[in-house]
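Modelling step: build the complete structure from the supplied sequences, incorporating the hints.
Taken in sequence, the protein lines are chains P, A, H and B.
Here the first sequence is numbered in my numbering, starting from 92 and rising by one per residue.
Here the second sequence is numbered in my numbering, starting from 92 and rising by one per residue.
Here the third sequence is numbered in my numbering, starting from 92 and rising by one per residue.
Here the fourth sequence is numbered in my numbering, starting from 92 and rising by one per residue.
Check each hint, because a few of them may be wrong.
A pair counts as met if it fits within one copy or between any two copies, since identical chains are not told apart.
[Stated by the list, open to error] Pairs of lysine to aspartate or glutamate residues, derived as EDC-like cross-links and limited to a Cα-Cα distance of at most 20 Å, are as follows:
1. Lys155 x Glu175
2. Lys291 x Asp265
3. Lys280 x Glu347
4. Lys282 x Glu347
Since the hints were made in silico from the structure, they are not lab data.
Protein chains: 4
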Amino acid sequence: MKNTFGSSVALTIFGESHGNMIGAVLDGIAPGIAVDEEFIARQMSLRKSVGDISTARKEADIVKIVSGVFNGRTTGTPVTFIIENQDTRSRDYGELAYKARPGHADFTAQMKYHGFQDFRGGGHFSGRITAGIVAAGAVAISALKEKGIKIGTHILSCGGVSDRHFNDISGDIDKLDGLPFAVLNDECKDKMTEVILAAKSEGDSVGGILETAVYGFPAGVGEPWFDTLESVLSHALFSIPAVKGVEFGEGFGVSELHGSQCNDPFRSENGKVSTPTNNCGGILGGISNGMPIVFRCAVKPTPSIYKEQQTIDMNNMTDTTLQIQGRHDPAIVHRARVVADSITALVLCDQLALRFGTDWLAQ
Amino acid sequence: MKNTFGSSVALTIFGESHGNMIGAVLDGIAPGIAVDEEFIARQMSLRKSVGDISTARKEADIVKIVSGVFNGRTTGTPVTFIIENQDTRSRDYGELAYKARPGHADFTAQMKYHGFQDFRGGGHFSGRITAGIVAAGAVAISALKEKGIKIGTHILSCGGVSDRHFNDISGDIDKLDGLPFAVLNDECKDKMTEVILAAKSEGDSVGGILETAVYGFPAGVGEPWFDTLESVLSHALFSIPAVKGVEFGEGFGVSELHGSQCNDPFRSENGKVSTPTNNCGGILGGISNGMPIVFRCAVKPTPSIYKEQQTIDMNNMTDTTLQIQGRHDPAIVHRARVVADSITALVLCDQLALRFGTDWLAQ
Amino acid sequence: MKNTFGSSVALTIFGESHGNMIGAVLDGIAPGIAVDEEFIARQMSLRKSVGDISTARKEADIVKIVSGVFNGRTTGTPVTFIIENQDTRSRDYGELAYKARPGHADFTAQMKYHGFQDFRGGGHFSGRITAGIVAAGAVAISALKEKGIKIGTHILSCGGVSDRHFNDISGDIDKLDGLPFAVLNDECKDKMTEVILAAKSEGDSVGGILETAVYGFPAGVGEPWFDTLESVLSHALFSIPAVKGVEFGEGFGVSELHGSQCNDPFRSENGKVSTPTNNCGGILGGISNGMPIVFRCAVKPTPSIYKEQQTIDMNNMTDTTLQIQGRHDPAIVHRARVVADSITALVLCDQLALRFGTDWLAQ
Amino acid sequence: MKNTFGSSVALTIFGESHGNMIGAVLDGIAPGIAVDEEFIARQMSLRKSVGDISTARKEADIVKIVSGVFNGRTTGTPVTFIIENQDTRSRDYGELAYKARPGHADFTAQMKYHGFQDFRGGGHFSGRITAGIVAAGAVAISALKEKGIKIGTHILSCGGVSDRHFNDISGDIDKLDGLPFAVLNDECKDKMTEVILAAKSEGDSVGGILETAVYGFPAGVGEPWFDTLESVLSHALFSIPAVKGVEFGEGFGVSELHGSQCNDPFRSENGKVSTPTNNCGGILGGISNGMPIVFRCAVKPTPSIYKEQQTIDMNNMTDTTLQIQGRHDPAIVHRARVVADSITALVLCDQLALRFGTDWLAQ
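Here you go:
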């Protein structure tokens, strides 16, 4: 499968940055789930470019649902989300048609699609294609919320400035809900904005780390091999453009620990099992243990920078230089956050449907 | 899919730690690939417990191929690998039948399988099940080598001791080939062994990081969304027991870089495109760019330690304590290394077959 | 997978009969394939209702391609086809909202979707949803034609009137190309039209059999088990609404033959192997043998008839009667024919891409 | 997927006719299902060659379960079935190594596997490989029976002799249970045996039709498109060697009916909905309606006959003749019957797990 992921609940996405429409088909979501178009619009707004720290391209991102919803609820058949591209500049792309932008997919697209790819604005590789994921994810997030499952993502670090980790997970997720710039420590917002603007002023960009927590996910979901919860989540998360690392719980930090430090002891309170620590990030042996699922994604700095770079001319594969023009984000970590929430929700809906049946989410 | 992964080339694994047999079915591998039983045995030996730094359980791990090989070559139909369990102690498992070992899958298995799981020695969750992956991976590694594609993994860190990074990738992979304790800087071996033994003497265990490089992989393989090369590799890698993080190229380090530092400029030499740096780990937009694919896996310390731990009695979900007996590894990172090589080879064979057809590997 | 089929080349469909839009996403089709919008429109016209023998609902069925095509050729990324519903009558559906039409999916939809399904005009179960299959199939048919592979389907029987079988397969396929009412023996058209009109005049409907042939398909494609060519073709063909049987080559007739009659002897002419007979329908052991692939689909009579029928009221699951109003087809076999061609083309493109790689179709 | 089918419950098969072992891995079956080894042996005996009407090759077909069963019940992890090949004659295969047997997969295997296939006794294409399906199917049949779902297949026709159709479905399935030669009308057995022996005496073979019924399957299972119940069942059924046609309910007969004859009117008795007729075979719109699921498979005559046949020498693709020696079945329809039951059970377990969750079968 290429542009489809999931099994019982599956998402298919389509579109190019400067094409006619982008969108997504969400299939297998349980019938009877209320579809809140305002919430979808709210989620879309979190992905939009914001003020000075984002691209100057402004898209209305109006989501039109053209199938799968009847009388305000999902029918159980494919829900299709359509978003028209509007603010595409009909300028001459000039050298971007054949000069590979470093850090971008231009060269690899050429090797895979032999020059037939739509190169305008990154085409199908554009972060813009995540809009469909966010629209579909909003339905998944709503459905999970009805079952007491909440998801939240914050910017753990950006350009070297660090937010605090999750603490009170349920409360922290509520705090993040709807924040345009998602940090737990309020002071981080200005500091991060500063480093983003500083990079921007130099024609450069910064990266960051996103941290996601899932609260209320039931124990016993996932598989011991191949479709471990970590496997299916990372599979989806590595689709978010610019993600270069995914870690669960203590993540790479486990390499420095002794077993006696890393193991999470169990305890029981009135038959409810929990672990006071959560180094495993809520997943043991590939299966959820009922504790919050916690993971982090490393997001590389936007490759579109305004500094001159060495590259190749793909017409004849010779050396050249490139100075990118156009409208670009000096950071995308703040915009990618709602994509992380969305794709997480979609994966978890699929896992729950596989485990408990196709009706469970709406029962 | 649960115990099967891959699409055109797929692996199915089965077995339990103390069951009758473990094994794997490798399906879709091209017809005509030479199967070198000595090489398989060599690879199996790299996974075996070694001296003082591994479990005292010693398995012959003799691989029997019972289908799919005819006259020393693959037929194109499923290749089945069978390994009999031999050194299983018929002792009383006692409290391990109902006390959940912290850091292990005992509790999550109970929540998923309702007590019907084979708990002996971790059952189907045991690292022992990776033996089938290594056997099948050996065939994949051989096939890739014939096409000029080489894979090597070393212990980048163990218990706080760090090896050097890959340098000359082709030469380094050759150096690692067949090393029982895979480090690039020879001095690391003794230092790492020391920290493992120190942990062992305290009844404790240590974790580490594995770093893998793939040399010679062609450009243009992978997908922009969902089945990005990072996605499919991480999916498989997170199946290796104890892996809690996966990162590509500069990985989590990208979060600290500016775009101008992180982007890998292209250059061309006689039409051959390369990048002098490789922060992207050989993958851009989910697709290989022809540079070495480089990634790292964080491996948690073996959860089986001899110190007393707080846990629960799963019969009635009440608090209790546990002191694990039996034979366990004070570290598994050195044994997991060949599993990383193997699973990487299997994923790449699948990707190549999807991209270039089912015969490509043997042409 | 629910509304997606295929692996390397996959189709996802969406929409409801009286919803906003219907459509399809074609993923994995090779880059560089010429997209001929006139041919797509021609194919769409073959599915449309025609004169007196079809429903009075007339849809323009204008296909808009909103992604995946650039400069008139496929990009290699998802091609999305959108068709707006226009001729939907905003009448009161009245009793059809709760009375299950015999032979239709109303009752089974209720059992699966619990009343949340869009019941208007059959909703997602409507034959109208095949429009997306035909649009996508047109691209697949064009791509196959470039490789010398042709597909044709005719109405072998309708309401008891029989057409002749394929004879000169290549010539017969050419003859069928573009025929609005696809029969090989020209005299059949009038006779079949007569029986359709006779049924219509009684408020009744008729069924039929479609016979499809594929010319020029290479040998060596398919799998011995589970994904036999028969398996993947029948899987897709049974998705065409009203198909209740699929048979290959001599089909059910094989049950009456002796082995010496049924076996197709091989012969060779200048190294080119063929079989003078083709009882196996071009498939042996699940794999193509290079001869034409031939199969037949049984199509049941349209269940929407105007006679009074016994049924149930789904509000309280009690007996009632129903007399269907509205606009319906007295036969659909002639309209289903292009759907058979289309879905066959999509399946074969997938099989070829799996076998020979993702670029093969456009090389 | 090649030798694996199913999604939540999946089967992988392996082995060659004259290889070391054949077998199957059944993954995803619910934990806690009782595994009755006697019943497995009973089912295996139904597939065995019987008396004069089957091949002289006699295999003990002892099934060894080497994983996934603990204390007599499924664990929820892969159940692996191993069967050793014993009665393989170490004779010289001579001309069968390069002469393609008409009606067999020898030529198509050559085109797909380029001569690396194990040709001995048909290799991986042999009907012998169905033994693993029968072993795994026995577990699935047991699990379904516990939920009140019963499956039965009889020989509807063989060599021109016809059995009666299902009548009282539940009673008829019970009657068929364990019959070595499965017919509903007892008189058919001798007549069919006669025609088989008559064909055998001429060095020829006969085909037939199998009819299967499923009783007690719940309504609301299946999908409207692509994964219709007909699609997934036919996909699996066309894997049974020699099956060339599959039809549901009235099947090809629907082509001769009017809608008013073909539609099954609904009626309700105390809220329980049924249809007095069952022309749809229990499936409407791809989804079960709660009535018995009924279908038929056309089975071609065994291609191994003793008469001289025209064929090709695959060494140089020239014409030659072939007279097959060895031990072969003059009919396989009676042996294929338990394979039909088994594969049906496996498909239905998968569908139920997808619909109602992975635990449903054992709850």
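Results for each hint:
no.: 1; hint: Lys155 x Glu175; result: both (9 Å within a copy, 13 Å between copies)
no.: 2; hint: Lys291 x Asp265; result: neither (31 Å within a copy, 43 Å between copies)
no.: 3; hint: Lys280 x Glu347; result: between (31 Å within a copy, 17 Å between copies)
no.: 4; hint: Lys282 x Glu347; result: between (30 Å within a copy, 15 Å between copies)
Of the numbered hints listed earlier, the single one contradicted by the structure is hint 2.
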